[in-house]
Amino acid sequence: MALLTKKEMKRIPIVDDANDAQYGVVAIDPDKCSGCKMCTLICPSNVLEVFGEKRERRVRVKAGLAMCLACDNCHAICERGAISIVRGYDFVGRYKQLDRGAPTQPRLE
Amino acid sequence: MNDVATEIVREEDPEKIEEQAGQVAKIDEIEEGAPWNIVEEAFLKRRSIRKFKKKQVPAHLIRRMLEVGRFAPSQGNCQPWKMVVVRDREMIEEMENYCAGECRKIAGMVDYTVHEKGTFARWKTEMLAKLLAKWKPNSMHPVPFAAVSLVARNRFAVFHHPPTVIFPLMDKRGIGHPEIDLGIVGTNIVMTAHSLGLGTCWVGLASFLNDSPEWRERLGVEEPYQLIEAISVGYSLGKPTLNTVSRETHETAWFEAGKKDLVY
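For the record, the sequence lines run as chains A and B.
The first sequence maps to residues 6 to 114 in our numbering.
The second sequence maps to residues 5 to 268 in our numbering.
It cannot be assumed that every hint is accurate.
As the list claims (entries may be wrong) - To give a feel for the contact side, a few chain A residues facing chain B, derived at Cβ under 10 Å:
{"no.": "1", "residue": "Pro18"}
{"no.": "2", "residue": "Ser39"}
{"no.": "3", "residue": "Met43"}
{"no.": "4", "residue": "Val55"}
{"no.": "5", "residue": "Phe56"}
{"no.": "6", "residue": "Gly57"}
{"no.": "7", "residue": "Gly86"}
{"no.": "8", "residue": "Gly106"}
{"no.": "9", "residue": "Thr109"}
Claimed, not checked - Straight-line distance between alpha carbons at most 30 Å, and here's what the computed DSSO-like set of lysine-lysine pairs gives:
{"no.": "10", "chain 1": "A", "residue 1": "Lys59", "chain 2": "B", "residue 2": "Lys140"}
{"no.": "11", "chain 1": "B", "residue 1": "Lys263", "chain 2": "B", "residue 2": "Lys243"}
{"no.": "12", "chain 1": "B", "residue 1": "Lys57", "chain 2": "A", "residue 2": "Lys101"}
Derived by calculation from the structure, the hints in this document are not laboratory data.
Glycine residues also receive a C-beta, built at the ideal position from the N, C-alpha and C atoms.
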């Protein structure tokens, strides 16, 4: 028994094809974001950027291929609770995620 | 032999022992839903740090980390490791440049994302990427693939410019699975650093150094040792441990009372 077929194990996803690869998704609350830039500095995948001037400055996900690895470090460093991941990454074929539930904060019960 | 053990027990102050135990938690008294204790919280709030302050970490703190590392469990107590510590900024930059150069070479061959779809360059790089994935499927996972691509485009660093790098070298002759033991000694080091207010990051791309005869000689990596990972250490920028993060749950098979449950 195997969770992936031999054919699936041989399939290598194309990383910039939306049918093959889903990346992490972050939710940003523009009302809470102050555009302080900390999350853009520490993001390991370099997918965040700030835009706008002065008080209107906010963070957003860069246009184009944004390969977010859903580490949630942006959430960990955010003093205003303005950003967090809502979905992890997944791929087809060999690198398909198995037996996972949704991203969850540490649970006590 | 027994005499020595008895002596040690006798010398300990019973009140002190109780006080120390209480610092973590009195195991019998933990109820479901009780708040995370100090150790649990340390594990939950450890993050991989990729932005460091310039300030060097005092040598005695690094020694402290290595000392806790020394007491990591290992298969058959074989302790299949040897540490290399680099605290010379220029040397760290040279290592960074070398590894980034290797990333550029690989990206040049297989990073198809920089080429327009339908072009010959795209077709060629995609073919090579798939071939390489057959040979090294774990290294060619899309996440390290993206990391190599970012490093090649100067949008990401290998070591993240830390003031100190620790290489836990692995003795290939270790019992069973020495990689596991390396992971455990590294966890001891990383968690000690976290408890001291320092930031760390595991650096897998550092293993390029292992394939370079020049770097092996310079770092003193000789057979049967292997450089498989590095740990960058420094003071983290900002407050990266302010909030806990979300992580996916994992299916757990739970066997109890004669039946099997799947829990997440």
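- Query: For which of the previously enumerated hints does the structure constitute a violation, in increasing order of number?
  - Reply: Hints 2, 4, 5, 6, 10, 11, 12 are the ones this structure does not satisfy, whereas the remaining hints hold.
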